[in-house]
Amino acid sequence: MNPLVLIIVPLVGAGIAAVWPSNRTRPWLLPVFGLLHVVLAFLLFINSPVVAPGAWLGFDPLARAVLPAVSLLFLVCAAYGVSYLRIRSERPNRVFVALLLTILGLLSAGHQARHLGLLWIATEAVTLAAVPLLHFNGTPRAFEATWKYLLVGGTGIALSLLGSFCLGYASLHGGGKGDLTFAALTAQGAGLSRPWVLTAWVLLLVGYGTKMGLAPMHTWKPDAYGEAPSIVGAVLAGGVTTVAFTAILRVRAVIAAAGEGHIADRTLLVIGLFSMLVAALFLLGTRDFKRMLAYSSVEHMGILSIGAALGGAGVAAALFHVWSNGLTKGALFLSAGNIRRAAGSPSMDDVRGMSVLTPRSAAIFVTGMFAVTALPPFGPFFSELQVVRAALASGHGIATAMFLGCLLLAFFGLTRVVFGIVDGRPRPTTRRNAQRFVETAGVIVPPLVLLVLSLWLGLFTPTILREAWLAVVAQLFPTP
Amino acid sequence: MTPGELLLLAAVSLVAGIVLGPWLSRIWLAFTLAGATAGLTAALSVLLGARDWEWRSAFSLGGEAVHLRLDGLSAMFLALLCVVGGAGAVYAREYWSEEHYRASAPRGRAWWSALLSSMGLVLLCANGLHFLIGWELFTVSAFFLVTLGRQRPEVRAAGRLYLLASHVGTVCLFAFFSTLAVRTGNWDLGPMREQAGLSPLFWIALAGFGVKAGVFPLHVWLPSAHANAPSHVSAIMSGVAIKMGIYGIVRFSGWLPVPAAAGWVVMGLGATSALLGIAFAFAQNDFKRLLAYCSVENIGVILIGGGGALLAVTHGDAPWGRLALAGALLHVWNHGAFKALLFFGAGSVLHATGTQEMSKLGGLWRTMPWTAGLFVVGSLAVSGLPPLNGFVSEWLVYLGLFDAVTSKGPAAWAATPAAIMLAMAGALAMASFAKAGAMIFLGTPRTQVAADAHESGMGMRGPMLALTGLCVMIGFAPILFWPMVSRAVESWRPAWTAVETPAPLATLGSVHVGLAILVMAAVAGLWRMAHVNGLRRGLTWDCGYATPLARMQYTSASFGGIVAGWFRWLLQPERKMRRPRGHFPAEAIRLEHIPETVLERIIGPISVTIIQVSTSVRRLQHGRLQFYILYVVAGLFALGAVVLLGAAQ
Amino acid sequence: MSGGTLNLLIGLAMGLNLLALGSSRLPSLIRAMSLQGVVLGLMPLLMEHETLDWRVFAVALATMVGKGVIIPGLLRRAMRAANIEREIQPFLGYVPSLLLGAGGTIAAVALARALPLLPEHTGTLLVPGAIASILTGFILLIGRVKAISQVCGYLILENGIYLFGLLLIHSTPLLVESGILLDVTVGVFVIGIIVDRIQRAFDSLDTRKLTTLRE
Amino acid sequence: MNFFLEIILRLSVWLLLAPLLPGIINKVKAWVAGRRGPPVLQLYYDLAKLWRKGVVLSTLASPGFVAGPAVAWVALTGAAMLMPLGPAGSALSFRGDVLLLIYLLALARFCTAWAAMETGSAFEGMGAAREVSYAVLAEAAIIAAVLSLSVQTDSVSLVTMLSPSTGAGAVLLAAGLFTVLLAENCRVPFDDPNTHLELTMIHEVMVLDHSGPPLAAILHGASVKLLLFAVLLVQAVLPMGELSSAAAAGTLVAGVLVVTVGVGMVESLMARLAFRRVPLLLTTAFLLCLFALLVAWKGGAS
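Chains as they are written, first to last, in our numbering: chain A, 1 to 480; chain B, 1 to 649; chain C, 1 to 215; chain D, 1 to 302.
Simulated from the structure, these hints should not be mistaken for lab results. Note that the structure is a prediction, hence the values are computed from the model and not measured. Worth double-checking, as some hints may not be accurate.
Unchecked claim - Capping the alpha-carbon separation at 25 Å, the derived lysine to any residue pairs in SDA-like fashion look like this: (1) C/K209 to A/D349; (2) C/K209 to C/S24; (3) D/K298 to B/G409; (4) D/K49 to B/V532; (5) C/K209 to B/H622; (6) D/K53 to B/N533; (7) B/K576 to B/E357; (8) B/K408 to D/F291; (9) D/K53 to B/S607; (10) D/K53 to B/R537; (11) A/K177 to C/S24; (12) B/K408 to D/S155; (13) C/K209 to B/R624; (14) B/K576 to B/W566; (15) C/K209 to A/S347; (16) C/K209 to B/T615; (17) A/K177 to C/D53; (18) A/K177 to C/K209; (19) D/K53 to B/R528; (20) D/K49 to B/R528; (21) D/K29 to D/P39; (22) D/K49 to B/A522; (23) D/K53 to B/V532; (24) D/K49 to B/R536; (25) C/K209 to A/S345; (26) A/K177 to C/W54; (27) C/K209 to A/N137.
Claimed, not checked - Okay, the calculated bits of chain B under chain D, using three or more residues with CB under 8 Å as the criterion: (28) 357-367; (29) 373-386; (30) 401-412; (31) 519-528; (32) 538-552.
Every residue gets a Cβ at the ideal spot worked out from N, C-alpha and C, and that includes glycine.
Looking at chain A on its own, in the form it has when it is part of the complex (with noise of 0.2 Å):
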């Protein structure tokens, strides 16, 4: 099976939605195409077809580590999409839906992409297509946050560009006839220019880690986050910085071709740290439980790249961390979005006592706390646990010290928020305004899905599961 589909399938459900007439009925075009998506994807991930070392796309080994989690996370999202927009239902969803799915195939483009620039072109497109996203409030506060959100993410994909040329000119200036996948480029190793090699990975590594949100240039995601619908987040948190990272994956590939590894080791290790630092001090303070899941997405982007650091083991645990947060961060994101729909604020200043009020959301809500700060037997708790033994099998003692303490201080920050939110007397405001919300099947039973499938990945992580990942080490990888 081509592994086009995963692409045209979902655009031509945006096209569809695009002209479909019904604002009432359109939502559902989102679950009916995401489930093709995951069922498709999954085919793939069964019997994925070989890649030609020349492609320009291919569900290789990456894609088929990643993609799947994607689409997964997508459908979910969806499917709470619907009754989200049900209750919205005063605001058109035109846009809206279309472009949830045009994300989606650009999602499947930029996580199938094996050429630098093609990458590239995905990943902008994707920022691009969630910016009427983030403002589908309207609120002059959702406006600040996309324009914000728009000149970060530029100001990060244009550098990432500049690194495209340079290792594109890297290769030119080492003999190479300009083919810039990443094939061609891994292949040429060695005979890339030192100098246009490593100016390519800082100025790709700042490019690709803004549209992560690593720290410094995270500081799009609290105001992107806080402000855009919860299933935005929930699709920017689980997919775009997916892309991003896994670009990050394959350049640092060919970086390590070209005999560098270690520096870009050594970057990634510090900025995973830094990011992770950085982000449990802001923890430490929030008052906005969804600026707080932006922040702990920070945290968890600095996992990963630690995990990216590792080599070997670290990234097939980062592979697994992709999974297990995007997963559980969904089901917070969800249940965050109910709360924060029936409270009228996401501000613990003025929200109190959900447990009353909303009690199945603010249970969803607590247990996903617990799961993302790893509590058993979640999956967060065993990708971090794989990713802290792979630290310490690689001498990393001091590194795991830090890992460790940022973890701390990330639960007290997050306890403090959570808590905060859900025990207590509820003040009157928020009573009256949580009367109008209700904990319908169709906004609880989307986040405890997900929530059961990070207990479910946790516990029997599937064989099959783990070979992806461990496949994704050997051909990025290559123990010399």
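Use these hints to put chains B, C and D onto chain A, whose structure you have.
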């Protein structure tokens, strides 16, 4: 039935308890009791039998095959867990009843079963990964039990403190187990003393488990958690949960090679906890806090024993190590029994009066004679007074220490101060409980709530009676329990297998029985004499003062004043007083508050600094886009610098 | 000979950078930017050595139209809508930014030495020019408070990258180039919309008002 | 059978002889002060009288008010049974009995304090507080003394432990134990048994409300305790192991007499200490015992 089947039964009924608990309280009780009985039977069958029980699953959970093992040591703790768990379940049905706590009672039942099962999992797991899982589940379910009365802010604060503190411990264990797994190549746990390289890990484990055990400097979470939790929860927290920390320390000091200094450190920690813990206890006015700090003391006693054992191991397997460890393990049981009893008693007082402040109570023996009597028995036991169980275990520990001293080896340098501090701690414990019992139950009621208290029903008295029975039994016939204890000791150190009992427990038991008989005879005799000679009721003689008031009674603060003076450097009491002035002084005030010194004077400032750092960092997110872009550029240059450094090398 | 003209144009572009940095009035800023776009559009044609390739023509044309006409038009519309003429009290004054830009240009020339070039590029000022424009872009992005001037800054940044891309125009397939063009235009198109929205939401294009989202 | 006989014999010895000591002390004090003073057997008369008297019970007191003295009395006599009498050894001796002895004394203390708190009187509370607080330091001193004994004899059982030390160790131990004796039995300089200012008392103020048989039990128990400490002190320092049993018995009696007279002399020559000095003196006693321990240790080592 084999232990395996029994444990399966226990697990099934506990899971059923979790599922059904919220709705069917009676059936939940049945299931919990069934589970506890099954677990107890399994534990006893291992303790009295010769063989350990071990099981490896075919399937794998979290990528590891489930590996359960019930040996002497874990069986010892499992038995305690089942006893207190069952008793607490009975107690809870009346104490935290449906009609009083409509919302939280169902939750409480489910979490109770969850707590029991997770602690059981911790005791059974012989695989690091699953040990961690069980440990975390145990921590979290304990958290939700502590915060059952969540609408009260101080309960929430206590719960959060507990959660954060135990998370610190968990992170240590995270590091400990993963390092172990990396060093040994797999998650399997078991004896690995020959791998000398592992010995430094003991320190991480000590820190991680020490937090849970409430060893002195790490005890910060313990008082508030115990004081603010529902009393049956306090009972299991203090009776069993903190023993999980002890279990971890003992377990891994037995399995892993320990550094040479381990014995010294553990014994030092133990002695410190014993003396300082009880000093804090004596100064308290809230009787549940007093009990909580007393737990710190008892943990200290246990650690002194454990430290003795470690010292003995590092000093050529001296036989006194066996005595010390046996004493420590028996004290684990004893403390579990009498501390649960005392917390149940405290709960019954709280249930009747609604206050935890001793200065508001008094004279309760009239209205709640049962509680009073059982509380006194508990006090005697916890003060380590003969003829009850507390004395037996402390006596064993003493014997171990004395032998260490008479050995005149280097160990004596640790054992001598430990013995002396243990003695002082014992005297202070006696003082604390003389104070607690007297302030709560004797004299006249200091307030109205105390005056119209009522005795609690059979559902609360039953468990207390059962535990009292256990205390008396261990006190009167310690020899019956010796085989189990020595079985546990053997599984800690196989070298220490000896048939003969190193201490004349039989004689001690018979002396205790004789003493008890004599006491009864004497009491009866004196009572009769008094009645024969004629017994007149009169006002208390207050130097001729004819109309004594309740407020004229000695208060708990004044009772503890002398000792509090000795420990002022530690307690740092906050005083507010106005001396009486003039010839006809109108009023004088003297308020005293004992702060949580370690928490408020050490942890507090540290966390404040961290918060300050975070606030100053958060200022960077000021919303100015221009600066955000500047950050990106800065990041670019910083990473460039990193790369250049790397390239330079 | 083409190399010489090329360098002339690059020098012109660099000069326009300084102009952009120095100008306090928005129209002149936009004018400088659009002129730079046209200049950049010409370059591919000059770099041509063998047969004239229609694709390069297309790129050049698109660049000129896009960077030189459409985008400035959009911005002018937004500017008129918000009826603002000049940049008031920027974070970074004009003189400092000029000095920074000049210094940056010199630094760029020096920095370009560190990066080895192919023989056919050694003569050109492409790399220094690119770096200088990128720096200018950043200075504008960081230093100005009006949304429009920030957009201009972003575009100059893109121009710099485009300059750099010229190094690869023959080796890399067209896809990248068209990609850039597409993205730049779409990007700016969106920015245009946003500028419009900001103007409507805050009835001003002063980004200093956009600081409600903060910790 | 003859085990019980022996027990009864010992009991009678202890119970009958104990009340002598306070009498002797009072006699000594009277003699020093140049008074005739009460007869030596005064306490016997008092006990007999009290035993026949009725009881006035505080309205607040629970049955524990009567039970307390009984338990305390049993605990003290039990402790006495563990204490060997020179050549006669002890009624029953086992490893670690010394600890049981110490804890029986603690039990007695607990019960006395409890009974004192029963009445809810501030004075009795005061006395109880002092009793239990000073006991902390006394316990430390006793345990140190016991440690030194068991170090020099390598045993944890009273019968074998009480083979005395020699030289410096003995002197230190004697001084320490004597101080502890004074403190534990509430004699001057720690407490003044026959002052009548409640605020200055420890033991007496605890028993203010007792009357009749319970008071008798308390007083008798106190005298047993005094005898117990005297016997312990004597056997801990006087070398009697080598002597013939008769001589040993003689020495024991003589030693006890000396101790008693010594207490009397102290009471007549010294004044009561201020309460804030009491811990200081007790700490000194503790240090004396500790030094004795170190000496014994060195002796054992060499």
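Query - Straight-line alpha-carbon gap D/K49 to B/A522, limit 25 Å - result: OK: D/K49 and B/A522 at ~19 Å, within 25 Å.
Query raised in the report: Is the straight-line distance between the alpha-carbon of D/K53 and that of B/N533 25 Å or less?
Result: Cα-Cα ~6 Å, so holds.
**Report entry** D/K298 paired with B/G409 [C-alpha distance capped at 25 Å]
**Finding:** 12 Å, holds
**Report entry** B/K408 paired with D/F291 [C-alpha distance capped at 25 Å]
**Finding:** 15 Å, holds
Query raised in the report: Between D/K49 and B/R536, is the straight-line Cα distance small enough, at 25 Å or below?
Result: 17 Å, holds
Query - Hinted pair D/K49 and B/V532, Cα distance within 25 Å - result: Distance ~14 Å between D/K49 and B/V532 Cα, so the pair holds.
Query raised in the report: Within a Cα-Cα threshold of 25 Å, do D/K53 and B/R537 meet the stated pairing?
Result: With a Cα-Cα distance of about 14 Å, the restraint between D/K53 and B/R537 holds, given a limit of 25 Å.
Query raised in the report: Given the hinted pair C/K209 and A/S347, is their alpha-carbon gap at most 25 Å?
Result: 21 Å, holds
Report task. Report holds or violated for chain D covering the stretch 519-528 of chain B, Cβ cut-off 8 Å, minimum 3 residues. Result -> Three-residue rule met by the stretch 519-528 of chain B, so holds; n is 6.
Query raised in the report: Hey, C/K209 versus A/N137, does the alpha-carbon distance stay inside 25 Å?
Result: 19 Å, holds
**Report entry** Given pair status - D/S155, B/K408, alpha carbons within 25 Å
**Finding:** 12 Å, holds
Query raised in the report: CA of C/K209 to CA of B/T615, is that 25 Å or under?
Result: Holds, because 23 Å separates the two Cα atoms, which is no more than 25 Å.
Hints 9, 11 and 18 from the list above are not met by this structure, while the remaining hints are.
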